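Peer 1: Go by the hints and put chain B onto chain A.
The listed protein sequences derive, respectively, from chains A and B.
Residue 433 in the numbering used here sits at position 50 of the first sequence, with consecutive numbering throughout.
Residue 398 in the numbering used here sits at position 73 of the second sequence, with consecutive numbering throughout.
Straight line, CA to CA, 20 Å or less: simulated EDC-like cross-link-like pairs of lysine to aspartate or glutamate: (1) B:K361 <-> B:E392; (2) A:K440 <-> A:D467; (3) A:K425 <-> B:E369; (4) B:K365 <-> A:E422; (5) A:K425 <-> B:E349.
I should point out that these hints are in silico values taken from the structure, not numbers from a laboratory.
Note that the structure is a prediction, hence the values are computed from the model and not measured.
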Amino acid sequence: GENVEQHPSTLSVQEGDSAVIKCTYSDSASNYFPWYKQELGKGPQLIIDIRSNVGEKKDQRIAVTLNKTAKHFSLHITETQPEDSAVYFCAASFIQGAQKLVFGQGTRLTINP
Amino acid sequence: ETGVTQTPRHLVMGMTNKKSLKCEQHLGHNAMYWYKQSAKKPLELMFVYSLEERVENNSVPSRFSPECPNSSHLFLHLHTLQPEDSALYLCASRNKRGGDTQYFGPGTRLTVL
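Next up, chain B with everything else stripped away, as it sits in the complex:
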């Protein structure tokens, strides 16, 4: 285990649903990331969150909305998704103070019907 947990592990939702993905890190890190992994594209950074800054990939649609209430928890709120949003969503965390490595969780496999 990497110390990064994600729930749920699998999610099936319709295009009109609203759901949230949760990530929790138990490593004392201070930066957290959302990535999208689909069959046709490489791992793609969606959002970076730290206490000092939030960084967005400008190509991420507004139907994805991140929330980071504290340094240990990260959410990805989903609404009115499209079938092409079906993918594995990975969370990662890092210690910005001297840590190079991003530690990944196991991911949430999302299917949009």
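Isolated chain A (complex conformation):
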């Protein structure tokens, strides 16, 4: 089955700097890779996702890159702001059918003012 590894587990950056979180997956059949943000007391919320037919996707300050050959994908947050502080999860799945997401362990991102 699928296995997703996420690094680092904690990340602290200065406000305005960039943050990068990396994930690797094991199942070459996976073709859907979402990133979720979880704030305290809330459920995870999707911030960006990418399908395997695309190498990069950007939405304002957030971007995701995918390297299918190496089976890894990364989240990039630029011009970080205090409200970016949260736990971020990557996930992988086959998009058709039940879409059984397999999640990484999470990264606690802290933005220092």
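Peer 2: Chain B alone, transformed into the frame defined by chain A:
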């Protein structure tokens, strides 16, 4: 708000109790999910429910029993739980007809004494 509600938000139960968690989605989706989130493990899929299929994670103990009476409601029935079952239980929903995103509720924080 994501359109997915969960009740109760907090639950404390003894090992001999029987309780149920409820999830309701107001998004017109046709697939619903139960996840377990504990401090020591990543988000773990427990069950997937859609009108056409039910998918189980084979590692989920039989003391957890899902019920999906219609496409808007999902229950997780709990009986004779163990302290290690204490966790945040998250519900999610998705539109299988062309929707990639799983929308999560805020979760039920369960403590088993």
